[in-house]
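Protein sequences appear in the order of chains A and B.
Numbering follows the numbering used here, with no gaps: position 167 of the first sequence is 167.
Numbering follows the numbering used here, with no gaps: position 148 of the second sequence is 148.
It is worth saying that the hints were derived from the structure and are not from the lab.
Among the clues, some could well be false.
Since the list gives no way to pick out one identical chain from another, each pair is judged satisfied if it fits inside one copy or across any two copies.
Dumping the calculated BS3-like pairs for lysine-lysine here, alpha-carbon to alpha-carbon at most 27 Å [stated by the list, open to error]:
id : residue 1 : residue 2
1  : Lys107    : Lys70
2  : Lys48     : Lys124
3  : Lys107    : Lys7
4  : Lys48     : Lys173
5  : Lys173    : Lys124
Protein chains: 2
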Amino acid sequence: MTVSDHKIKSRFVIPPYSAHCVDVLAGEELCIIDVEGRQVSDFICFNKDDMTEHVSPVHMRSSLSSLRLKVGDGLFSNRRDPLMTLVEDTVGKHDFFFPACDYYRYKVDFGVENHPNCHDNLVKALAGHGIRMDEIPDPINWFMNNDVDANGDYTIRDPLSRPGDYVRLRALKNCVVACTTCSQDFVPVNGMTVTPIELQVLA
Amino acid sequence: MTVSDHKIKSRFVIPPYSAHCVDVLAGEELCIIDVEGRQVSDFICFNKDDMTEHVSPVHMRSSLSSLRLKVGDGLFSNRRDPLMTLVEDTVGKHDFFFPACDYYRYKVDFGVENHPNCHDNLVKALAGHGIRMDEIPDPINWFMNNDVDANGDYTIRDPLSRPGDYVRLRALKNCVVACTTCSQDFVPVNGMTVTPIELQVLA
Numbered sequence: 001m002t003v004s005d006h007k008i009k010s011r012f013v014i015p016p017y018s019a020h021c022v023d024v025l026a027g028e029e030l031c032i033i034d035v036e037g038r039q040v041s042d043f044i045c046f047n048k049d050d051m052t053e054h055v056s057p058v059h060m061r062s063s064l065s066s067l068r069l070k071v072g073d074g075l076f077s078n079r080r081d082p083l084m085t086l087v088e089d090t091v092g093k094h095d096f097f098f099p100a101c102d103y104y105r106y107k108v109d110f111g112v113e114n115h116p117n118c119h120d121n122l123v124k125a126l127a128g129h130g131i132r133m134d135e136i137p138d139p140i141n142w143f144m145n146n147d148v149d150a151n152g153d154y155t156i157r158d159p160l161s162r163p164g165d166y167v168r169l170r171a172l173k174n175c176v177v178a179c180t181t182c183s184q185d186f187v188p189v190n191g192m193t194v195t196p197i198e199l200q201v202l203a
Numbered sequence: 001m002t003v004s005d006h007k008i009k010s011r012f013v014i015p016p017y018s019a020h021c022v023d024v025l026a027g028e029e030l031c032i033i034d035v036e037g038r039q040v041s042d043f044i045c046f047n048k049d050d051m052t053e054h055v056s057p058v059h060m061r062s063s064l065s066s067l068r069l070k071v072g073d074g075l076f077s078n079r080r081d082p083l084m085t086l087v088e089d090t091v092g093k094h095d096f097f098f099p100a101c102d103y104y105r106y107k108v109d110f111g112v113e114n115h116p117n118c119h120d121n122l123v124k125a126l127a128g129h130g131i132r133m134d135e136i137p138d139p140i141n142w143f144m145n146n147d148v149d150a151n152g153d154y155t156i157r158d159p160l161s162r163p164g165d166y167v168r169l170r171a172l173k174n175c176v177v178a179c180t181t182c183s184q185d186f187v188p189v190n191g192m193t194v195t196p197i198e199l200q201v202l203a
């Protein structure tokens with residue numbers, strides 16, 4: 001499938017329980033496609049020309065005065081400057097207040113050692129960029145469906161995404177992006193089954 | 001004032017536009033008192049015996065399945081283990097999804113250079129602990145009143161705290177805590193006036 005008038009420059013299908021890193025240069029677009037539906041993709045993004053600047057959900061929540069993402073929103077950095085813009089979204093429900101799953105998530109919350117996890121997969125995907133374990137920023141969790149009630153408590157539900165649903169992002173600066181296929185198979189965050197995510201870079 | 005049966009081991013009044021760092025050892029308590037009311041205090045907390053572990057709002061939101069803080073809640077770390085527990089709260093409305101104000105907040109959002117800010121005040125307060133600029137964790141913003149609507153958008157309102165209101169925290173491990181008097185005077189987060197916060201460590 002092609003989701004934009006832009007030409008596909010590269011495509012990659014991220015297998016379940018893993019992650020992939022890709023450059024998206026200023027003016028290019030990135031499509032993150034939920035191939036089979038109901039699959040979360042944890043997303044982090046660095047300024048390729050200054051890797052100390054990265055998309056920062058906590059600063060996004062301030063700059064957007066919101067806990068939801070809408071088409072037209074900037075993905076603001078830790079310098080409060082947008083690195084990308086959300087230009088198309090066929091789902092409309094994502095998360096940017098929840099952490100990446102990590103060693104401690106499976107160990108502490110589920111008593112399981114050595115479960116695949118988004119944090120470690122992001123570290124591996126970024127191995128060539130000199131990013132340390134403790135430098136992985138908080139993620140945007142595309143397609144994650146946290147249902148917040150009037151009290152501020154929330155429930156993790158199946159994503160609303162169907163096969164082929166996607167988000168499309170436009171890079172405002174030269175970016176290094178890493179995305180996962182979220183490894184969580186103990187709660188319905190991925191519909192209980194981990195499936196592929198396709199990345200398309202559009203020039 | 002004394003807010004607990006515990007004995008006061010130390011007390012310190014944080015002046016407006018600054019921050020202070022204090023040890024709170026396992027079993028001790030920390031009271032954070034809003035002296036004049038309507039003043040936010042940004043709070044970060046490290047494990048004194050392993051400064052790579054710190055209270056982490058993004059992991060708290062996962063461990064608590066919530067965006068609100070309740071008496072009895074643990075202040076979970078980046079290892080998903082609580083460093084402190086909230087044992088008393090005379091207000092009931094706080095924030096743990098908003099960032100500390102920083103250089104970029106005043107520069108980008110208000111066009112002001114060199115405004116005092118919580119991030120830099122936390123760095124200064126922790127100067128003796130070898131914590132770098134880019135290692136300041138996200139804060140808990142005690143007394144901050146972000147009013148989230150049904151769409152997930154929110155408005156920053158005056159705190160609900162009146163003079164003398166406080167939270168009381170019990171340390172589960174040996175902790176290094178830094179708290180600010182939030183410097184924000186452009187929006188009503190502190191009722192438009194920055195006032196003192198008192199810290200009491202109770203043994």
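Okay, which hints does this one fail, numbers in order?
3
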